[in-house]
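Keeping their order, the protein sequence lines are chains A and B. Per this note's numbering, residue 1 is the first one in the first sequence, and the count goes up by one each step. Per this note's numbering, residue 1 is the first one in the second sequence, and the count goes up by one each step.
These aren't lab readings, by the way, just hints derived from the structure by calculation. Note that CB positions come from ideal geometry on N, CA and C, so glycine has one too. It cannot be assumed that every hint is accurate.
Unchecked claim - Ranges of calculated distance between the beta carbons of each label pair, as one might list FRET restraints:
(1) A:PRO55 <-> B:VAL9: 42 to 52 Å
(2) B:LEU17 <-> A:GLY34: 17 to 27 Å
(3) A:LEU96 <-> B:ASN76: 15 to 25 Å
(4) A:GLU48 <-> B:GLN58: 49 to 59 Å
Spelled out from the first residue to the last, the chains are:
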Amino acid sequence: MTRMAGAPDMHGTTTLATPAGDIAILVLRDCFGGDRVVEVELPEPLAEEDLARLPGAGKPTVLRSAPRPFFRLEVPGAFLLSGVFGDRRVRFTVRLARRDDALQLVADAAARLLEAP
Amino acid sequence: MPIDQDAIVSAVAGLDLRGNEEGLIPAFGLYLTRHYADYYNRASFEYLHAAENRGAAQARDARRALTEAGHICAFNTFGGIMLSQEWDAVVMPMIQTREDWVAGIVAVINAFGWGRWSLAGLRPNRDFELIVDHSYESEGYLRDYPRRDPEQGGVCFLATGGVAGIMNLLYHGDITQRPSLNESYYTRLFQGTGRFVGEELECRTHGAPRCRFVARRSEIR
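Just chain B, with the same shape it has in the complex (with noise of 0.2 Å):
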C-alpha cells in the first residue's frame, strides 16, 4: 500500500491541535477534544465491574452498551476525519484503493495517541485484523486492576468497536461517496443484517504482549 504512514502522523501532528477558549477543538470538520484517558477509563472500568457483580446478563449488557461507544465514535470521528479537508490534503494524495482508506485512518488514529495501532491483516469486504501495542484502555486498566481471566473477555471496547466502524464505513456502507454521516445511516451501518462486528481475541489485561482485535461480518460468525 502507497499509505506513508509517518508522513501522516507528522502532518497531524503539524496540525496543532489546542483547545479554543470553549475547550473544544475544531479539526477534521469535527470537535475533538483533549480528554483525560483515565477519566473515561475509570467510568467504563467500575461500570463494567458493577455490572459483572451482578450477573453474566448485565456484564453482557455492559460491554455492549461500552462497544456501541467505539461504535459511535467510529461512526462520527472516523467518518468525519474520513470526510475532512484535512483528510483530503493528507491522505487522498495515497490512496489508491479502498483498502488505503483503512490504511489511512490507522495512521491517523496513530496520531491520537490511543496507543499504535497497526493493520496486521485485511481481506477487502470480509475482515480486518488490527494489532494495538499499549492501547490506553488497557494501560488503564493494568495500572488501576488486577489481570483479567480470558473468559471475563477483554477491556478495549473503543478500539473494538472501532474496528467494526472502519469496516463498517468502508465495506459495509460507503464513505467514499461522501455519505451524510446522520442517524439513519448509522442505523443501517451499525443495527442491520450484514455489518461488522468487532471483537478482541487478545487483551493485555489477560497477559497477551499486545491487544489484537478482528471485525468481520456479523452472519458469518
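Just chain A, with the same shape it has in the complex (with noise of 0.2 Å):
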C-alpha cells in the first residue's frame, strides 16, 4: 500500500510515497474528455520489461527506431502510461472512471513497476 504524502493541488508539485520510493508529482491537470493526466518522476527509469509487471495491461506500443525509445501502454478502464525508456519522467492519464483516485492508482501502479523482479 501507498501513502500520499502531502495534499497535491492542481499546479503544485508533491510526492507520493512508495515501498519502491517516493515519486513526485510534476503535472496534475485534467483534460477535455474528463481524464487526469499525472505526469511524475519516478525513484528510477523504466526498462521494458518492467512494463509486464503491471496486472490487466495490454501490449506495449515502443517506438524502438526513436532516437530515444519511446513507449505507451494502456490498462484498459485505468489508464494510458507513456514515457521513455531510460527517462525517470512517465505520464499516467488516468480515465475518466478512475480520475477520483487518480494518484492512489498512479502510487500503486508505479510501486508496481519498480518492483524487483
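If you follow the hints, you should be able to join the two separate chains into one complex; please do so.
Shown next as C-alpha cells:
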C-alpha cells in the first residue's frame, strides 16, 4: 500500500511515497473528456521488462527506432502510461471513471512497476 | 538542418493513433480526434460564403474567426506536441537550433494527413514561408465549389493560423522553456503587439499549383 505525502493541488508539486521510493508529481491536470493527467518522476527509470508487471495491461507500443525509445501502454478502464525508456519521467492519463482515485492508482502502479524482478 | 522528416513521419505513424471507447486519441499529451475533414470544411466554407454574401465587413470577420480557430489549434495542438514525451523521444534528439523546432513540428504535421507541408523559407525571428501541397482545405473546396477570384482570398484558414502559431510559439513566446499553455499565455502570443500573423499568398482555389503562406510580425506588415 502506498500513501500520499502532502496534499497536491492542481498546480503544485508534491510526492507520493511508495515502497519503491518517493515519486514526485510534476504535472497534475484535467483534460477535455474528463481524464486526469498525472506526470511523475520515478525514483529510477523504467525498462521494457518493467511494463510486464502491470496487472491488466495490454501490449505496449514501443518506438524502438526513435532516437529515444518511447513507449505507451494501456491498462483498459484505468489509465494510459507513456514515457521514454531510460527517463524517470512518465505520464499516466487516468480515465474519467478512475479520476477520483487517480493518485492512489498512480502510486500503486508505480510501486508495481518498480518492484524488484 | 539535421531534422529527419521521414524518420519523424514514420515514428508518428508507428504510434498507432486510434480512438479509445470515447472516440478520443490520447497522444502527445493531448486529446486528438480522427475528424472528418469534409465536415469541418463544409462548416467553414458555408459560414464563409454566407458572410461573403452579406458584405465585405462580414466576410472579413468570418476570415478572422476561421483563422483564429487555426491560432487556437496551433497553440494547443502544436504547442502541446512540442511539450510532449513523444516530441522528447522522437524530435528533440535531432534538434540543435530553434529553427529545428520549426522543421520538427512541420514534420510531425505531415503525419496527420493535412497535406504535404514544406518549409520554403525561415528567417529567424522575422518570417516563415510555408508551402502546402494538397492542403485538405483547398482539396475540399475545389471538390465542392468553383474556383475563387484571388481578390476574395484563399480558403486555407487552419494553415494560415498554423503558420503564425508556429512562429508565435517559437519567436514571440518561447515554447522551448516549457511554458504553461494557458489562456493568459495565449493572449500574449496571439493578441499582443509584435505577434506574428499569417497570410495565404497563393491558394489552389485560385488556380495556384499549391498553397503558399507566410507569417510575419504584425508591426511590419
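Hint check results:
1. The hinted window of 42 to 52 Å between PRO55 (chain A) and VAL9 (chain B) is violated, with their beta carbons roughly 35 Å apart.
2. For the pair LEU17 (chain B) and GLY34 (chain A), the beta carbons lie near 20 Å from each other, so the given range of 17 to 27 Å is met.
3. Separated by about 20 Å at the C-beta atoms, LEU96 (chain A) and ASN76 (chain B) satisfy the suggested range of 15 to 25 Å.
4. Separated by about 57 Å at the C-beta atoms, GLU48 (chain A) and GLN58 (chain B) satisfy the suggested range of 49 to 59 Å.
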